[in-house]
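Colleague: Residue strings, one per chain:
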Amino acid sequence: MIAMSTRHILLGLLASGPSHGYDLKRRHDERFPQARPLAYGQVYTTLQRLVRDGLAEVDGTDSDGGPERTMYRATGEGTHELSRWAAEIAPPAPFVTNEIFAKVVVSILSGGDPAAYLSAQRAAHMERMRELTAVKAAKGADLATVLSADYALNHLDADLRWMSTTAARLTTLTAEVDAV
Amino acid sequence: MSRPVPLLSASGLTKAHGRTPALRGASVELHEGEILAVTGASGSGKSTLLHCLAGIVRPDEGSVTYDGQRLTDLPEKRLSELRRTEFGVVFQFGQLIPELTALDNVALPLLLAGTDRAGARARAGEWLERFGVRGQQDLRPGELSGGQAQRTALARALVTGPKVVFADEPTGALDSLSGEQVMTALVHTARESGTSVLLITHDAQVAAYADREVQLRDGAVTPLGVTA
Amino acid sequence: MSSLRSDLRLAWELTRGSDRGEWWRVALTAAGAALATGFALAAVALASLRGSYRVPVAAGLLDEPGTRSGVIVGLLLLLVPVLGFLGQCARIGAVHRDRRLAGLRLAGATPWQVRRIAALETGPACLLGSAVATGFSVLLLLRQWDRPTALAWVGIALVAAAVPVLGAVAGALALRRVVASPLGWVRRVGQRNGRGPGLLFLAGILLVAVVALLAVATTSTPAANRPNGGPPLQLMGMVLAVGAGAVWLSGATAKATGRLLAVRARSAATLIAAERLRDDPWSAARTHAAVLLVTVAGTGFLGIRQVLSDVVHSGRNLSASTSYYTTGLDLTGAAIAVAFAITLSGLAVGTAESLATRRRGLAAQAAAGVPRTVLGRALLLETALPLAPAMLLSGLGGTAIGAWYALLAGRPVPWVIALAPVAVYAACLLAAATSLPLLRRSVRPGELRYA
Numbered sequence: 221m222i223a224m225s226t227r228h229i230l231l232g233l234l235a236s237g238p239s240h241g242y243d244l245k246r247r248h249d250e251r252f253p254q255a256r257p258l259a260y261g262q263v264y265t266t267l268q269r270l271v272r273d274g275l276a277e278v279d280g281t282d283s284d285g286g287p288e289r290t291m292y293r294a295t296g297e298g299t300h301e302l303s304r305w306a307a308e309i310a311p312p313a314p315f316v317t318n319e320i321f322a323k324v325v326v327s328i329l330s331g332g333d334p335a336a337y338l339s340a341q342r343a344a345h346m347e348r349m350r351e352l353t354a355v356k357a358a359k360g361a362d363l364a365t366v367l368s369a370d371y372a373l374n375h376l377d378a379d380l381r382w383m384s385t386t387a388a389r390l391t392t393l394t395a396e397v398d399a400v
Numbered sequence: 003m004s005r006p007v008p009l010l011s012a013s014g015l016t017k018a019h020g021r022t023p024a025l026r027g028a029s030v031e032l033h034e035g036e037i038l039a040v041t042g043a044s045g046s047g048k049s050t051l052l053h054c055l056a057g058i059v060r061p062d063e064g065s066v067t068y069d070g071q072r073l074t075d076l077p078e079k080r081l082s083e084l085r086r087t088e089f090g091v092v093f094q095f096g097q098l099i100p101e102l103t104a105l106d107n108v109a110l111p112l113l114l115a116g117t118d119r120a121g122a123r124a125r126a127g128e129w130l131e132r133f134g135v136r137g138q139q140d141l142r143p144g145e146l147s148g149g150q151a152q153r154t155a156l157a158r159a160l161v162t163g164p165k166v167v168f169a170d171e172p173t174g175a176l177d178s179l180s181g182e183q184v185m186t187a188l189v190h191t192a193r194e195s196g197t198s199v200l201l202i203t204h205d206a207q208v209a210a211y212a213d214r215e216v217q218l219r220d221g222a223v224t225p226l227g228v229t230a
Numbered sequence: 003m004s005s006l007r008s009d010l011r012l013a014w015e016l017t018r019g020s021d022r023g024e025w026w027r028v029a030l031t032a033a034g035a036a037l038a039t040g041f042a043l044a045a046v047a048l049a050s051l052r053g054s055y056r057v058p059v060a061a062g063l064l065d066e067p068g069t070r071s072g073v074i075v076g077l078l079l080l081l082v083p084v085l086g087f088l089g090q091c092a093r094i095g096a097v098h099r100d101r102r103l104a105g106l107r108l109a110g111a112t113p114w115q116v117r118r119i120a121a122l123e124t125g126p127a128c129l130l131g132s133a134v135a136t137g138f139s140v141l142l143l144l145r146q147w148d149r150p151t152a153l154a155w156v157g158i159a160l161v162a163a164a165v166p167v168l169g170a171v172a173g174a175l176a177l178r179r180v181v182a183s184p185l186g187w188v189r190r191v192g193q194r195n196g197r198g199p200g201l202l203f204l205a206g207i208l209l210v211a212v213v214a215l216l217a218v219a220t221t222s223t224p225a226a227n228r229p230n231g232g233p234p235l236q237l238m239g240m241v242l243a244v245g246a247g248a249v250w251l252s253g254a255t256a257k258a259t260g261r262l263l264a265v266r267a268r269s270a271a272t273l274i275a276a277e278r279l280r281d282d283p284w285s286a287a288r289t290h291a292a293v294l295l296v297t298v299a300g301t302g303f304l305g306i307r308q309v310l311s312d313v314v315h316s317g318r319n320l321s322a323s324t325s326y327y328t329t330g331l332d333l334t335g336a337a338i339a340v341a342f343a344i345t346l347s348g349l350a351v352g353t354a355e356s357l358a359t360r361r362r363g364l365a366a367q368a369a370a371g372v373p374r375t376v377l378g379r380a381l382l383l384e385t386a387l388p389l390a391p392a393m394l395l396s397g398l399g400g401t402a403i404g405a406w407y408a409l410l411a412g413r414p415v416p417w418v419i420a421l422a423p424v425a426v427y428a429a430c431l432l433a434a435a436t437s438l439p440l441l442r443r444s445v446r447p448g449e450l451r452y453a
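Chains as they are written, first to last, in this note's numbering: chain Z, 221 to 400; chain V, 3 to 230; chain F, 3 to 453.
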């Protein structure tokens with residue numbers, strides 16, 4: 221999966237108006253279900269870096285009856301940077317780093333059982349796909365949930381298909397790896 | 003923990019088409035309310051397994067037991083009745099009668115069961131509504147899109163309230179969005195009514211709708227890797 | 003002509019590689035062509051005679067130009083059911099052939115190449131039938147006739163060559179749409195309408211009628227001794243009028259029955275049959291039209307026969323022996339019986355073909371638990387439903403002919419003949435029922451395995 225830029229996502233969330241750290245974290249987790257939840261500490265450090273780089277600024281504080289919170293808002297430069305990033309093409313798989321493939325090759329090199337590994341990995345992938353499908357097919361699932369589950373499902377499916385063809389060609393691969 | 007008795011089970015099935023073996027000792031169990039996916043490469047015997055389990059084909063060897071009855075011992079007439087009343091089938095295509103409207107296609111199993119025409123059409127209409135094809139009820143299968151035709155076929159398979167639905171690549175001819183609609187409709191209905199589903203597919207994303215998966219290779223069920 | 007050779011080779015390979023249905027088509031087409039050739043040859047040989055002869059068959063019926071022309075007309079009329087039968091044979095494996103030839107188009111064959119291959123698939127079958135029939139006819143002719151005239155030989159050669167050529171042309175014509183749009187026919191969606199073949203059949207009848215009129219005009223030269231030359235022509239005109247209407251009638255009744263019953267159907271079998279009729283009322287129109295023609299002719303003939311034999315046996319002022327008249331009647335009766343047999347074969351072939359075309363769908367129905375009895379009943383109803391009203395009308399037509407003739411001769415009207423259509427109807431259902439064993443074979447689950 222393409223690594224996401226927390227900086228830009230926070231900038232994007234700020235685009236709808238000033239907000240404080242906790243609120244940003246909550247809205248992030250809501251908007252991007254199935255993604256890894258943001259840690260509050262990470263939100264805080266990222267906001268500070270945005271301020272340092274002049275992309276965001278402090279908009280005062282707000283207590284709202286509870287503890288005091290620092291409000292942030294995007295600067296003009298921040299808005300500009302955000303629109304530049306949003307229109308930028310994500311580089312399509314610039315490096316092929318594939319843990320599964322690495323494990324298969326290492327397994328061949330060290331005299332392990334790559335077929336057994338692939339089979340177990342396949343079962344784990346299927347299990348995860350069933351979970352995601354259950355989330356997606358649940359009654360009343362909103363579109364954001366469906367789409368993000370779909371994204372993951374398609375990637376898992378791609379892995380799975382790759383694993384099936386690899387499993388079918390293990391003999392040839394073993395011969396090739398051993399020959400080098 | 004003792005496993006409950008499966009609703010449908012097959013053991014040691016072998017079947018050859020002419021000289022080509024399709025099944026070589028396949029065994030499988032389907033429990034009540036379970037959605038089971040059977041996956042495997044083309045030619046691994048998936049469809050033949052479904053045909054044997056649904057009593058459409060008699061295996062050369064082995065037995066199929068459904069709800070305490072050995073299907074392999076039943077006469078064709080009784081099997082046909084069983085398929086009509088307790089089972090529902092959905093194929094990749096071809097199961098709708100091209101000359102009948104979508105509504106009459108769905109009403110047909112009810113007519114066969116002795117329901118009067120008006121009643122059958124009313125019930126069929128409800129099912130089409132449920133699967134989002136009510137608006138196309140007066141069209142013939144040739145005029146429906148692939149997804150609409152499959153949802154109509156699904157309605158036809160489910161309209162009699164079967165205990166088991168056999169689906170052979172139900173999304174095989176569909177794009178992924180139509181396939182998703184068909185699968186969601188199938189899974190929701192099956193969960194609500196406690197219907198068991200035997201789902202044949204080569205597509206992992208479709209198999210992921212099931213509770214469990216068995217893989218066929220060369221006509222036999224292969225043990226799956228240890229699940230996490 | 004290396005391209006023709008390669009096309010011939012391809013046509014042969016395609017035929018050889020296809021299933022049994024294709025061989026059935028070849029065999030039945032050859033049989034139909036043989037019948038057509040036989041009837042046409044007999045007519046031609048008789049037509050080549052001029053004036054009075056001693057012909058040693060049929061109790062002197064063929065000696066005089068007047069009665070001879072009647073026999074010629076009868077032989078030519080026999081071509082009508084044969085045409086219907088051939089049309090039905092052409093439909094055997096039509097779906098598969100359309101797909102196959104459309105596949106050829108997609109693979110890059112030119113429209114002309116596809117037409118040629120199609121013609122080469124039909125032509126040889128007709129050639130075979132025509133050759134066999136010509137061979138036997140010539141042998142028979144040489145035994146009966148010491149020195150046939152040159153005119154007779156020319157006629158024989160023409161007929162022997164024309165049948166395969168016409169067959170090939172018809173085979174190529176039937177493929178217009180495949181040639182025009184290869185994709186449309188691979189997918190086989192959209193409306194079929196059978197008007198094309200229906201019109202072709204009508205054109206065939208018209209051709210036969212014109213030839214028959216010509217034959218009458220040329221063989222029965224100056225018939226000064228026959229003041230009553232009108233009635234045979236009137237009779238023929240009437241039969242033709244009723245027959246031409248029959249094609250439309252059978253299509254239209256099929257359509258109307260379908261529409262009417264589809265709404266009211268209470269059982270699954272009736273519903274399936276009615277909707278099939280409504281969807282494609284013309285598919286069986288040709289065969290049914292031939293059935294109607296035979297019914298009209300047969301019923302009318304029975305009436306005429308009744309009246310005539312009444313006249314003959316009362317034995318007053320006859321110009322020839324009793325056997326002269328009874329042989330004429332028997333010959334006509336035999337001709338109608340042959341026509342009826344051919345028509346019934348066409349019907350049986352048509353039903354079998356309709357089954358074979360749908361075998362995948364039928365297998366899916368059976369797999370879903372639709373009982374075979376329901377499928378069988380639907381199949382029979384498909385023949386029975388549209389034929390019933392059409393049969394009623396043609397029965398009325400035939401009875402009217404019989405009654406008219408009786409009134410003309412001043413004899414009592416033989417009402418018994420009104421039972422003939424009932425018998426025809428029963429025979430048709432039996433013919434359709436011959437394909438029921440095929441249904442059992444068609445619903446094999448093996449059919450579910452292929453797209």
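Calculated from the structure, these hints are not laboratory results.
Take the hints with a grain of salt, since some may be wrong.
Said to hold, decoys possible - Heads up, incomplete: computed chain Z residues facing chain V, CB under 7 Å, no partners named: (1) T299; (2) M346; (3) R350; (4) V355; (5) A357.
As the list claims (entries may be wrong) - Ranges between beta-carbon positions, derived for each pair: (6) G45/V / L394/F: 39 to 45 Å; (7) E396/Z / A109/F: 50 to 56 Å; (8) H375/Z / S195/V: 30 to 36 Å; (9) R132/V / R266/F: 51 to 57 Å; (10) S29/V / P391/F: 54 to 60 Å; (11) T226/Z / A18/V: 31 to 37 Å; (12) A428/F / S195/V: 44 to 50 Å; (13) F252/Z / A120/V: 27 to 33 Å; (14) P312/Z / R132/V: 37 to 43 Å.
Quick caveat: nothing in here was measured; it's all calculated off a predicted structure.
Don't be surprised by glycine CBs; every beta carbon is placed ideally from N, CA and C.
Colleague: Return the numbers of the hints above that this structure violates; sort them in rising order.
Modeller: 1, 4, 6, 7, 9, 11, 13
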